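S.K.: Numbered per the UniProt record's numbering, the sequence shown spans residues 1 to 173.
Just so you know, the hints here were simulated from the structure itself, not pulled from any lab data.
Don't take each hint at face value.
As the list claims (entries may be wrong) - Keeping only pairs whose Cα atoms sit at most 16 Å apart, straight-line, the calculated EDC-like set for lysine to aspartate or glutamate is:
#, residue 1, residue 2
1, Lys163, Glu67
2, Lys63, Asp106
3, Lys76, Glu140
4, Lys167, Asp55
5, Lys123, Glu140
6, Lys123, Glu67
7, Lys167, Glu129
8, Lys76, Glu129
9, Lys167, Glu131
Quick caveat: nothing in here was measured; it's all calculated off a predicted structure.
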Amino acid sequence: LDFVASLGGFLSGRFGLEFDLGQRAMLGPPLANADESLVAGQLVELSGVLFTARDQAHLRLVKALTEGRALPVDLKGQTIYYAGPAPARPNAIAGSIGPTTAARMDAYTPALLEYGIKAMIGKGRRSAEVEEAIQIAAKEIDKQNKAGPQMGIEEKHARRQFKAARKAKAEQV
1 LDFVASLGGF LSGRFGLEFD LGQRAMLGPP LANADESLVA GQLVELSGVL
51 FTARDQAHLR LVKALTEGRA LPVDLKGQTI YYAGPAPARP NAIAGSIGPT
101 TAARMDAYTP ALLEYGIKAM IGKGRRSAEV EEAIQIAAKE IDKQNKAGPQ
151 MGIEEKHARR QFKAARKAKA EQV
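Take the sequences, apply the hints, and build the full model.
M.R.: Next comes the structure, spelled out in structure tokens:
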């Protein structure tokens with residue numbers, strides 16, 4: 001906790017961010033809508049499976065979604081850590097892993113948010129398009145919470161196909 005407090009103090013001083021170290025949230029993926037009570041600057045500890053992916057993996061995921069194919073893993077409610085591996089040291093099985101620039105995934109993020117990912121971890125700023133997609137996803141979750149049960153996979157697939165067709169038509173104009 002001392003390291004976390006030091007990091008929080010550094011980020012507060014350097015970037016003007018405020019961290020509430022007393023309100024630590026312990027979350028286990030998949031994230032639930034109940035996790036919406038989190039606030040910016042709140043310390044969050046994730047425990048469980050965390051998926052890592054970079055731009056090429058994102059490209060393949062979004063391609064599968066637009067073609068109506070199932071993803072190799074269920075990412076609904078999950079967190080994606082934008083990370084890349086470093087080469088393994090001699091006699092080591094794997095190298096370390098570190099965050100990569102989030103902006104490289106910006107082209108794919110809106111589709112993955114629509115699919116149902118709940119959180120992303122990376123470094124750097126996000127585009128205005130991604131910020132808007134995050135706000136739309138949050139509003140959609142609010143709407144679903146008020147409406148009751150979530151729509152089934154068939155409705156989501158039909159909706160995704162409709163949006164893709166509408167986007168393709170707009171690009172032709």
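S.K.: Run through the hints listed earlier and report the numbers of any the structure violates, in increasing order.
M.R.: Violated hints: 4, 5, 6, 8, 9; rest satisfied.
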